[in-house]
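If you're matching them up, the sequences are chains L and R in order. The first sequence begins at 1 in this note's numbering and counts up one residue at a time. The second sequence begins at 1 in this note's numbering and counts up one residue at a time.
Calculated from the structure, these hints are not laboratory results. Any given hint could be a false lead.
A few chain L residues that face chain R, going by a derived Cβ cut-off under 7 Å, partial list only [stated by the list, open to error]:
1) Gly660
2) Ser693
3) Arg697
Covered by chain L, according to a simulated footprint, are these stretches of chain R (three or more residues, beta-carbon under 8 Å) [to be verified]:
4) 46-53
5) 76-84
6) 103-112
None of the values given here were measured: they were computed from a predicted structure. C-beta: ideal position from N, C-alpha, C; glycine also.
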Amino acid sequence: MTAPFRTIGQPVGKIDGVELVTGRARYTADLQFPGSLQAVARRAGVAAGLLRHLNVEEARRSPGVVLVLTPADLPGPNLIGILPPFDQPLLAGPEIRHEGDSLALVVAETQEEAEAAASRIVAEIEPFIPLLDPEEALHADARKIHANGNLTFAKQLLKGDVEAGFAQAEVIVEDTYRTSVQDHAYLEPEAVLAVPESDGRLTVYASCQSPFHLRGHIAVNTGLPASRVKVVQPFVGGSFGGKDDAVTEMGSLAGAAALKLGRPVRIVHSRRDSFLGSHARHAAIIHLKTGAMRDGTIIARQAEILLDGGAYASESPFVVMKALIHVAGPYKIPHLRVDCRAVYTNKRQAGAMRGFGVPQVTFASESQIDALARKLGLDRWELRRHNALTVGEANATSQVFHESVGLVQTLERVKEEGDWPACLKRAHAGDNPRFKRGVGLAAMMQGISNGAEGIDVVGASVQVSQDGSVLVGLGLTELGQGSRTAMAQIAAEILGVSLEKISVRQVDTDTVHDSGPTVASRTTTVGGKAVWMAAQTVRTSLLEMAGLMLKAPAEAIELGLDHAYLRENPQAQIPLAQVATAAYWTGFPLMNLAFSRAPDAQYDHETHQGQIYIAYNYGTHLMEVEVDTWTGKVRVLRHLASHDVGKAINPLGVEGQVEGASLMGLGFAHLEEVLEENGKIRNANFADYQIPSFAERLPTRFLPVEEATSNGPFGAKGIGEPPLAGAAAAFTNAVSDALGISFRRLPITPQRILEALEG
Amino acid sequence: MEALSIQIKVNGHSHRLQTFPNRRLLDILREDLTLTGTKEGCGIGECGACTVLVDGEAVNACLILAPQVDGREILTIEGLSERGSLHPLQQAFIDHFAFQCGFCTPGMLMAAKALLDVNPSPSREEIRQGLAGVLCRCTGYIQIFEAVEDAAQALLETAVSGIEGTAGAAIAQRTEEAR
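Construct all of the structure, not just a fragment, from the sequences and the given hints.
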């Protein structure tokens with residue numbers, strides 16, 4: 001490919017923008033099918049207990065009710081999960097493990113009728129004292145929430161000799177950090193619509209993140225072969241990791257009901273259902289100890305991480321691994337020991353959420369780096385720079401990268417653009433008894449690709465029509481992040497086609513290859529590579545055809561602006577539509593299905609030492625804040641976010657990800673906490689659970705760094721998750737700096753600030 | 001419950017509907033008129049995804065019942081573009097990448113329209129207040145903010161170009177000062 005790029009790196013709007021601004025984009029709940037029924041789950045309403053009897057007779061006789069589905073009516077194993085142990089029943093009983101457990105599904109003609117009938121189901125539950133504290137749940141004599149005990153998963157990372165490291169250390173800092181439960185709070189609550197087809201197949205429309213995962217679970221739980229189930233993903237109103245398990249449960253239940261009744265069945269969660277019945281971010285308790293030399297060189301770190309997984313395993317095993325690998329931060333630390341465990345409690349289950357364990361450990365790690373700087377009397381920026389990972393150096397898993405390690409560049413950009421010395425001077429200059437100012441820094445990294453979570457393969461298809469337009473199919477999903485636009489840009493660049501001529505279809509499991517889940521910031525990197533590969537083959541056809549037409553070797557041809565032309569003589573050109581038509585009639589292939597496979601992770605499973613991720617995104621955030629000591633309110637005056645994204649395919653999209661993830665990070669650090677009392681959520685609505693509004697928006701300024709990776713298309717690395725952790729940690733350090741108080745628990749709400757000020 | 005007959009005008013079209021007094025405007029739009037561009041995000045008037053204009057004023061369609069809209073004029077996202085061309089707000093939202101998943105976008109656009117209709121050159125604080133009732137979980141609101149500012153400018157330029165001489169210049173100058 002000859003530079004400069006025509007489409008890659010250009011700021012472009014979303015290719016599906018017109019549909020989205022006109023209300024024409026249909027989300028799952030917008031779909032209309034004649035004869036559709038509505039379904040509502042009756043939830044346990046009790047955090048722990050034993051279901052003695054479930055009386056559904058009155059509900060069955062309620063107006064409009066056509067079916068009440070109970071565990072006995074399910075043809076399959078009544079079990080879902082992301083990976084072993086598959087431990088979550090679709091319909092629970094006799095053991096009740098959290099208040100959101102579904103006991104029965106009521107299917108009725110209307111939503112109101114289904115809701116009314118669900119409230120008439122009588123569940124006799126012998127209550128247990130709920131196990132809510134993750135540390136208590138691990139006691140040897142604690143009641144077992146699952147047969148195998150309360151430890152969901154445990155892993156260890158060992159590098160060097162941590163005892164020797166601490167023995168050598170001249171300074172040691174040690175603390176315990178806690179984070180709370182954050183809800184995804186995507187604006188579109190989960191929804192599914194199961195439609196039995198006349199050919200014996202089942203189509204499930206779902207606001208989901210991983211259509212193939214959903215298809216597999218629906219098949220097993222309805223007793224259909226997987227190939228007889230089609231999952232279609234309409235527009236999805238945000239996911240952030242959340243629309244996996246909950247939608248799997250809903251899709252399986254709706255599918256079972258639809259097949260039984262021969263009619264379409266729809267389940268649309270209310271906001272309350274979304275809070276009770278979906279998955280949230282793991283709350284964490286992190287004991288962290290760091291040893292360093294007086295010059296600031298960090299030589300040892302030890303961490304014990306406990307993740308509250310709630311009632312079911314879900315993604316806990318993978319979150320354990322991600323937290324384990326990332327608690328060392330973006331630093332070269334020779335001696336490490338990390339123990340990370342997830343535990344069952346009688347609370348709503350925790351699963352995947354943007355960041356996937358990284359925001360929790362980054363907050364702890366970066367708080368401790370500041371504590372170390374204070375203890376050593378060193379500048380916070382210098383301490384980070386001194387220990388920063390660079391090309392050729394071993395990270396926490398002893399993996400060495402020889403390219404695309406842009407951490408130092410992000411530190412430098414933030415220092416330069418932010419004028420770090422001026423920030424420090426400003427920090428307390430204007431302080432008065434009421435308003436205190438502070439500045440915070442955070443450096444972080446986040447692995448891109450599935451890494452230790454298993455094989456990473458993505459299938460993509462690229463098809464050129466005779467009119468020169470292009471259809472791209474990808475097994476990963478558009479959740480709002482702009483991946484369809486990025487994929488279109490990649491295909492456009494390689495085929496020399498204008499963006500308007502490219503369509504990227506939405507996922508339907510009949511038409512694309514199973515590519516695993518849309519997670520781990522892997523879509524642009526691994527998925528984009530698949531599109532890149534698929535497009536290359538079609539490009540070869542076009543070049544060869546154009547060569548024949550222009551009587552030149554294929555190597556002399558270039559594609560661009562919807563034409564094929566001679567590189568040395570661009571006036572000699574043919575419209576791409578003519579080339580494509582000729583290629584069709586000559587018999588050149590105009591469609592290709594390609595698979596990109598990320599290099600496999602290779603590591604020791606006992607110590608987590610080895611090659612794990614195909615690349616890391618690195619970042620540095622800086623925040624200046626003003627804290628009102630009378631009200632506890634915090635105003636963010638300045639926010640710089642620098643990330644090494646390899647190559648920004650669409651700068652506007654990257655900016656959107658950085659700004660959005662950062663604001664979600666502010667929510668995590670400052671505003672959001674799912675509150676429970678005796679195992680019951682008491683803020684399961686948007687009035688009591690506050691997500692950032694226009695008023696809280698951050699003045700984010702993105703400073704791109706582009707250190708290309710050969711594992712991504714045009715060098716690109718994912719950016720969907722990393723800024724969340726960076727912004728949250730920078731906020732924490734800024735507020736701690738302003739008040740001279742170390743906050744060790746998130747969120748730092750105005751209330752907690754006032755409590756801390758009162759001492 | 002007794003049925004009720006209401007007369008409403010939606011996006012310029014009149015409808016006489018048989019409905020029930022406990023049905024929300026949101027249900028009437030989405031179910032009876034299949035105008036599904038208006039979304040339900042929370043059901044309690046906190047997220048603003050269901051924002052529509054009733055007689056020009058932005059309201060949450062999940063908080064208004066059928067009898068309250070009898071005889072009134074409603075504008076939804078489906079009625080925002082005129083004669084097949086995008087409203088300047090819609091174009092600005094696309095150009096600025098002012099949405100990701102798009103679920104809040106119809107509500108956000110309607111709230112922005114209500115704001116610009118009464119205040120064609122809002123200050124930054126007025127934009128913040130005008131849109132504060134609509135939540136977005138994907139963006140950081142920055143690109144939305146820029147899109148609304150840009151659309152206001154575009155709308156004003158269209159309006160000003162239609163006004164002769166000094167009046168137009170005065171408006172343009174006031175706009176500049178407001179920034």
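Each hint tested on the structure:
1. Gly660: holds, 5 Å
2. Ser693: holds, 6 Å
3. Arg697: Hint holds; L/Arg697 Cβ to chain R Cβ min 4 Å, cut 7 Å.
4. 46-53: holds (count 3)
5. 76-84: Since 5 is at least three, the answer is holds.
6. 103-112: That given contact holds, which follows from 5 residues of the segment 103-112 of chain R lying within Cβ reach (below 8 Å) of chain L.
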